[in-house]
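First to last, the protein sequences are chains A and B. Just so you know, the UniProt record's numbering puts the end of the first sequence at 591, numbered straight through with nothing missing. Just so you know, the UniProt record's numbering puts the end of the second sequence at 336, numbered straight through with nothing missing.
Take these hints with a grain of salt, some might be off.
[As the list claims (entries may be wrong)] Facing chain B, a subset of chain A residues (Cβ under 8 Å, in silico): (1) Asn160; (2) Lys183; (3) Gly460.
To be clear, the hints were calculated from the coordinates, so they are not data collected in a lab. Heads up, the beta-carbon is just placed ideally off N, CA and C, and yes, glycines get one too.
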Amino acid sequence: MRTIRSSKTAVLAAAAAAVVLAATSCSSSGGGTSSSSSSSYNAGITGVVNPSTHAGGTVAYQLSSTPDSMDPGNTYYAFMWDFSRLYARALTTFTPAPGTGGLKLVPDLATGLGTPSDGGKTWTYHIRTGLKFSDGTPITTADVKYAIERSNYAPDVLSNGPTYFHQYLVDNSTPYPGPYKDKTGGLDSIQTPDTHTIVFHLKQPFADFDYLVSNPQTAPVPAAKDTGASYVNNIVSSGSYMFSSYTDGKGATLVKNPNWSAGSDPLRKQYPDKITIDFNIAQTTVDQNLIAGNTTLDMAGAGMAAATQATALSNPSQKSHIDDAQSGALAYVAISTNVAPFNNIHCRQAVEYAIDKTSVQTATGGDVHGDIASTVLPPTVNGYTQYPDQYPTPGNAGADSTQGLNSAKQQLSMCGMPNGFTTNLSARSDRPNEIAMAQAIQASLKKVGINVDIQQYPSGKYFTDNAGAPAFVHSHDLGLMMMAWAADWPTGYGFLEQILDGATIKASGNSNLSELNDPNINQMLSSAIQNTDESARLQAWGTIDKAAMQQAAIVPLLYRKDLLYRPAAATNIYVTEAYGMYDYLNVGSTK
Amino acid sequence: MTAYIVRRVIAAIFLLIAVTMITFGIFFLVPRLAGETSTQLAAQYVGRDPSPEALAAVEKNLGFDQPIYQQWWEFAHGIVAGRTFRYGPDASVCHVPCFGYSFKSHLPVWPEIVSRLPVTISLAAGAAVIWVVTGVAIGVLSALKRGSVFDRLSMGLALAGVSLPIFFTALLSLALFSYKWPIFPNLQYVPLTQDPLLWAKNLVLPWVTLAFLYSALYARLTRAGMLETMSEDYIRTARAKGLPERQVVVRHGLRAALTPIITIFGLDLGLLLGGAVLTETAFSLPGVGQYAVEAITDNDLPQILAVTTLAAFFIVAANLVVDVLYVAVDPRVRYK
Chain A
1 MRTIRSSKTA
11 VLAAAAAAVV
21 LAATSCSSSG
31 GGTSSSSSSS
41 YNAGITGVVN
51 PSTHAGGTVA
61 YQLSSTPDSM
71 DPGNTYYAFM
81 WDFSRLYARA
91 LTTFTPAPGT
101 GGLKLVPDLA
111 TGLGTPSDGG
121 KTWTYHIRTG
131 LKFSDGTPIT
141 TADVKYAIER
151 SNYAPDVLSN
161 GPTYFHQYLV
171 DNSTPYPGPY
181 KDKTGGLDSI
191 QTPDTHTIVF
201 HLKQPFADFD
211 YLVSNPQTAP
221 VPAAKDTGAS
231 YVNNIVSSGS
241 YMFSSYTDGK
251 GATLVKNPNW
261 SAGSDPLRKQ
271 YPDKITIDFN
281 IAQTTVDQNL
291 IAGNTTLDMA
301 GAGMAAATQA
311 TALSNPSQKS
321 HIDDAQSGAL
331 AYVAISTNVA
341 PFNNIHCRQA
351 VEYAIDKTSV
361 QTATGGDVHG
371 DIASTVLPPT
381 VNGYTQYPDQ
391 YPTPGNAGAD
401 STQGLNSAKQ
411 QLSMCGMPNG
421 FTTNLSARSD
431 RPNEIAMAQA
441 IQASLKKVGI
451 NVDIQQYPSG
461 KYFTDNAGAP
471 AFVHSHDLGL
481 MMMAWAADWP
491 TGYGFLEQIL
501 DGATIKASGN
511 SNLSELNDPN
521 INQMLSSAIQ
531 NTDESARLQA
541 WGTIDKAAMQ
551 QAAIVPLLYR
561 KDLLYRPAAA
571 TNIYVTEAYG
581 MYDYLNVGST
591 K
Chain B
1 MTAYIVRRVI
11 AAIFLLIAVT
21 MITFGIFFLV
31 PRLAGETSTQ
41 LAAQYVGRDP
51 SPEALAAVEK
61 NLGFDQPIYQ
71 QWWEFAHGIV
81 AGRTFRYGPD
91 ASVCHVPCFG
101 YSFKSHLPVW
111 PEIVSRLPVT
121 ISLAAGAAVI
131 WVVTGVAIGV
141 LSALKRGSVF
151 DRLSMGLALA
161 GVSLPIFFTA
171 LLSLALFSYK
181 WPIFPNLQYV
191 PLTQDPLLWA
201 KNLVLPWVTL
211 AFLYSALYAR
221 LTRAGMLETM
231 SEDYIRTARA
241 KGLPERQVVV
251 RHGLRAALTP
261 IITIFGLDLG
271 LLLGGAVLTE
281 TAFSLPGVGQ
291 YAVEAITDND
301 LPQILAVTTL
311 AAFFIVAANL
321 VVDVLYVAVD
331 PRVRYK
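Work the whole structure out from these sequences, hints included.
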């Protein structure tokens, strides 16, 4: 397994980056004094590449698809949460810094992080003074309250984003129907005693609340300008840039917001004159445009096309512009605890020992696409703890090593299945990498007598109808299911709750594919999230991770990585661990 | 003639109704036969991990809780009479022709299609001019110089053009002329009204790539037609009358050989106007074909319906135009 960067190095990297950013922020924004640092492979992971205060030019983004929405209250895509910060300031956000420094929360619209009271059930924030929308009207906490109401209580209008606020905030005595149906009332559990204070009342203590309010859903929206689903056509900005045009399905252009002031925002700069986005550009074209310097960044931040990767990595000058970034996602096999014989822990543990993770890694294209995993939490999530592999095999070779073969067979005997059995493994038919991994797993398990039939389902219905529908899983004997998961916010709770907590199991759209419902794990998750002591919480995530591995409900395969390309003209470029891609907040361009 | 056109238009309307019904049926009935519930269908249009309330709200708002025939009726009614939707603080009117609001973005579908039509028309029309001119010219020359080096070479090339899939030739032309030798760098669609020169420059590669396939087909068709026509008795008569060879070929030979070409041209152009899916995707052109791919990927019924109805309309319309054109091209044809 690849050595994970030590926390000491990470702290140094973060500190160095902070110094660079502080230095750049002190320079005149119009001075064009850029000091270019050398570009080398993975330089953007630990440091800022091309730090510069050069103002002017255009930062051009291209995207091979379309966002679910550019409305900050209606999006669930990580790259949109990253990008939307240019025009939508949430109460908090992540420190603009490379390495683990990027996982640290800082106040954005707010003056400080939240003040918990009532044992973590009440959270209070104060927003900065002098803030204005792009139309010149002042920003108040009523606009923040409204933004949360529209994004969480009107799913028939804005259906794409998460609804955590709806889940955690106390509802009205008569359930609040959202601002479009109830135009005069509001959600009582969000109070705005004055224009600069906002108070949230939760159903239960929730220590990750500062992370929750980093979501663009807390970015203020003026009720008078909200037109529901079509607000995306006329978004009113609270950030350093604002829309000058938006065409659904085609792209957008942003220009400097004249009503944004640097004095009220220690995080953002206004370097480029213009930011353009083109949607639906073929991925290979995006890659070639990056290499030729015709575009600044691939907005999706999900890596280059397979065809481009091979040639770019073999070309030293192109390779020096590549960062192999941890995406924050884990690729794993979920073992159903309710499909026989996996209702017996020893049969699950046999699979843990038998899978040859090295061959899985090779099947996806090698270590550039992921490091071999032995924990549920990836290293780029707050609370990740490196503990000894619970099912070690030499070289992670599983049943391809004598030790792995023997351990797996021993577990099979304890399970009462010494000669193995037959089961099904589901995978998404339109994800060739996932199919390749499934085939490698099939080959590994065959060595211990477990015959696997791979069942393929389209990704669009994988969670609604197939692997995410327990009744389907049981009736189709899906003992094993391919899965990839990333957190909605980079903490142990944000990552683990949906895939390990028994309370989250549901009939359709289920993410806890293993249907793990262990009272001990449920209890640990519940008590940790109520604990406002951060260090105790961080420790708890590691403990829960290990407990889940001992239950053998998940076989971690790879901590996913993506090959990102940064052209020479792009400035202030680094990978933020908060989103697992380049930080879009202060990217500039020399073009 | 008028009665003929009226009959054809009425038939076209019934065809379009059938197309929408079939699309509706495939979208709703096929998954339902496989056991999908309307809640599971609604879950595709909600973000990750939706709450039951969110699912119910989306299910109701998209009308999935209604019988399929009623959903279809509302859709069809909207095209001729418009509809009213509520996707925000105020109810908004979706004007005629209303193809509904996207399930994903909740934005009206028709304006989006209309904004993409110029791209598809630019692509299809430009390519059509190239393939008709080159295809017919090569076909005629090949037929006249049957067995010559030119004939063999052009027919070999035509065979390659017909055989090579467009996604291959598109990627190859991009790799060579946009990436390796950046003669056409950073290809992006620029509206004709904005910059005619850049419009044409950025469309040269897509035009030529698309035309390569079709001109190959047309060259072979023209050649075969010309060979047959040029061996007719009336050609011999025309020559015997002492007509110049050019007049014999163009006026008597080509005109007769053109009839099947016009038929197939109508169909091809109609099909392309409904979206050149592969070309638009490969060259990242924001046309109707790209929209179709997006619609299918997102499983977005209103978008799918709008694209299929539009494609069917263009094919039907092109066929009608072709049939009317026959009269001009072939004097033997008369409509009663």
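Point to revise | Numbered hints the structure breaks, given as an ascending list | key: none
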